[in-house]
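Peer 1: Sequences listed follow chains A and B, in order. Under the working numbering, the residue at position 127 of the first sequence is numbered 127, and the numbers go up by one with no gaps. Under the working numbering, the residue at position 149 of the second sequence is numbered 464, and the numbers go up by one with no gaps.
These are calculated hints, taken from the structure and not from any lab test. For clarity, every value in this text was computed on a predicted model and none was experimentally measured. Heads up, a few of these hints could be off.
To be verified - Covered stretches of chain A (chain B as the covering partner; in silico rule of three or more C-beta atoms under 8 angstroms from a C-beta of chain B): (1) 78 to 84; (2) 132 to 142; (3) 149 to 156; (4) 209 to 223; (5) 290 to 301.
Note that beta-carbon positions come from the ideal geometry of N, C-alpha and C, so glycine has one too.
In case you want the letters, here they are:
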Amino acid sequence: MLHYFLKRLLSLSLSLVAASIVIFLALEVVPGDPAAYMLGLNAQEDTLQALREELGLTGSIFQRYLSWAGGLLVGDFGISYTYRTPVSEMIGDRLWVSLPLAIYALTLSTLIAFPAGIWAASRRGSAADASVMGVTQLGVAIPNFWFAMLMVLVFAINLRWFSAGGFPGWDAGFFAGMKALTLPAIALALPQASILTRVMRSSLLDTLSEDFIRTARAKGLTKGQALWRHAVRNALIPVLTILGLQFSFLLAGAIIIENVFFLPGLGRLVFQSISARDLIVVESVVMLLVFAVIIVNFAVDMAYAWVDPRLRRRR
Amino acid sequence: MSVLFHSRTLLPGLFLSLVFVAAALISLAWVPYDTTVLNIANRMKLPSWEHWLGTDQFGRDILSMIMVGARTSIAVALVAVGIGMSVGVPLGLAAAARKGGWLDEIIMRANDLVFAFPSLLIAVMITAVFGASALNAIIAIGIFNIPVFARLTRGAALSLWNRDYILAARVAGKGPARISLEHILPNVANLLIVQGTIQFSLGILAEAGLSYVGLGAQPPTASWGRMLADSQTMISLAPHLALFPGLAILLTVLGLNLMGDGLRDILDPKLRRARV
Chain A
1 MLHYFLKRLL SLSLSLVAAS IVIFLALEVV PGDPAAYMLG LNAQEDTLQA LREELGLTGS
61 IFQRYLSWAG GLLVGDFGIS YTYRTPVSEM IGDRLWVSLP LAIYALTLST LIAFPAGIWA
121 ASRRGSAADA SVMGVTQLGV AIPNFWFAML MVLVFAINLR WFSAGGFPGW DAGFFAGMKA
181 LTLPAIALAL PQASILTRVM RSSLLDTLSE DFIRTARAKG LTKGQALWRH AVRNALIPVL
241 TILGLQFSFL LAGAIIIENV FFLPGLGRLV FQSISARDLI VVESVVMLLV FAVIIVNFAV
301 DMAYAWVDPR LRRRR
Chain B
316 MSVLFHSRTL LPGLFLSLVF VAAALISLAW VPYDTTVLNI ANRMKLPSWE HWLGTDQFGR
376 DILSMIMVGA RTSIAVALVA VGIGMSVGVP LGLAAAARKG GWLDEIIMRA NDLVFAFPSL
436 LIAVMITAVF GASALNAIIA IGIFNIPVFA RLTRGAALSL WNRDYILAAR VAGKGPARIS
496 LEHILPNVAN LLIVQGTIQF SLGILAEAGL SYVGLGAQPP TASWGRMLAD SQTMISLAPH
556 LALFPGLAIL LTVLGLNLMG DGLRDILDPK LRRARV
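Please take these sequences and the hints and turn them into a complete structure.
Peer 2: Shown next as structure tokens:
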């Protein structure tokens with residue numbers, strides 16, 4: 001297990017380094033001098049030079065990469081070109097909206113998908129199965145931002161149960177915050193819940209046709225007992241993988257949904273930064289999200305190996 | 316022809332998809348009303364005989380806008396699938412032909428890396444660097460498609476390389492490149508078609524999302540995503556502005572997904588047997 005862990009850890013670090021190089025180089029090709037942009041047309045050359053040094057824009061491309069990547073390691077993302085405040089502070093504030101939103105959506109998605117998938121699989125071929133599958137077919141086809149708009153129309157504008165957008169901040173209280181995140185979380189969760197339901201169903205159907213289920217039935221367990229005691233647990237492995245992948249989709253998908261609801265999260269920050277040409281913020285947010293994806297996948301891999309020893313010897 | 320009826324989802328899917336492809340093609344030659352002409356006096360009209368789906372906030376005919384928007388969506392998604400296939404499939408074939416070699420290793424690691432970037436983030440980066448346009452949306456979705464096809468091709472090709480007829484081809488003196496092209500590719504084509512349909516529908520959703528946040532096609536090009544973005548502030552006054560473009564996306568994607576499921580049932584005998 002330790003050998004496998006170290007090997008995966010090495011590959012994790014290599015992925016992180018490779019991703020950081022790609023992101024750094026992508027934004028390195030952008031023309032223009034941020035220092036000149038910040039100080040305006042009439043800036044003196046020595047002022048410009050001082051600012052470039054402050055922002056870490058001097059030196060060779062290699063030195064700049066090292067100082068940027070080194071900063072990332074200690075949580076220093078640099079200074080925003082537009083606001084002249086540390087990027088890490090800006091991201092930190094926004095993370096308190098985006099992260100709870102992603103977790104909220106992931107929870108909803110799991111709470112919907114597990115029962116729906118198990119229910120459909122245990123009644124394979126019935127009308128219940130067909131209707132669950134039909135709903136998931138719609139769920140994967142619906143653009144989630146459109147679904148979000150329709151929910152705003154129904155639940156915010158017509159019924160007035162929720163506000164149409166904005167975020168009161170966690171200072172307003174936990175429930176006020178969660179209420180503001182509810183419609184966005186449902187919109188984000190819907191397509192993921194549909195995918196997860198289908199995975200849960202097909203994985204459970206596979207497991208139900210295994211020999212050990214027949215053995216369990218032969219031993220005298222009822223269908224329900226065999227399902228709950230043996231099948232569901234064994235069917236969970238592929239479901240966990242998808243769940244891990246979905247977390248990254250939720251973080252990235254929040255970029256669009258935050259814009260529907262005017263939530264001050266990372267997604268809004270990215271778009272504001274693009275229009276302000278504040279590239280270091282774009283760079284940092286992209287880096288953060290890619291890191292999250294890589295680390296979550298690593299965690300899923302490890303959980304996998306821990307649950308199923310056969311996988312440790314693979315590759 | 317009777318093979319079309321083997322699947323319950325293929326025909327409805329094919330029908331829905333063809334409706335939108337036809338709408339896009341017809342829009343090249345004819346639309347009910349010119350979408351570049353504004354007619355403020357006639358704005359936000361509900362559906363009527365003159366305007367089947369009503370008019371938008373500038374008095375433009377929504378049906379015509381949806382037909383032109385179909386063109387944008389289908390073109391972006393189709394080219395993006397083309398990019399993914401034309402780069403991903405050769406990479407996958409090459410990786411499988413030299414399994415375990417350095418080329419395989421590089422291709423698979425690069426794939427993992429691209430997978431760590433959700434397509435939306437690729438689009439955000441490209442837009443930040445080069446600005447927003449339909450072309451950049453195509454590139455972003457296309458890049459995301461490459462590892463999908465590379466992985467699928469490699470996986471399918473690997474299992475084929477152990478077959479006897481490949482051994483026979485090797486004995487006959489064919490090189491790996493020729494074997495990949497003449498024997499492997501035709502045998503993975505079915506899988507690629509099914510995956511192509513799925514990526515096509517994902518591409519339509521991605522294009523809609525990108526143009527909704529302003530990273531896709533720019534005005535005056537009509538696109539479904541931007542029609543939705545424009546309708547958002549007016550949703551309480553004129554909900555039909557938001558209803559029809561969204562339905563267009565939903566039905567196109569649904570059609571393609573049903574078609575993909577149906578094609579898989581027909582083209583992949585292994586899965587068909589597993590279901591029986």
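Peer 1: If a hint holds in the structure, say so; if it doesn't, say that too.
Peer 2: Evaluated hints:
1. 78 to 84: violated (count 0)
2. 132 to 142: This one holds; 5 residues, not fewer than the three required, reach chain B with a Cβ under 8 angstroms.
3. 149 to 156: holds (count 4)
4. 209 to 223: violated (count 0)
5. 290 to 301: holds (count 4)
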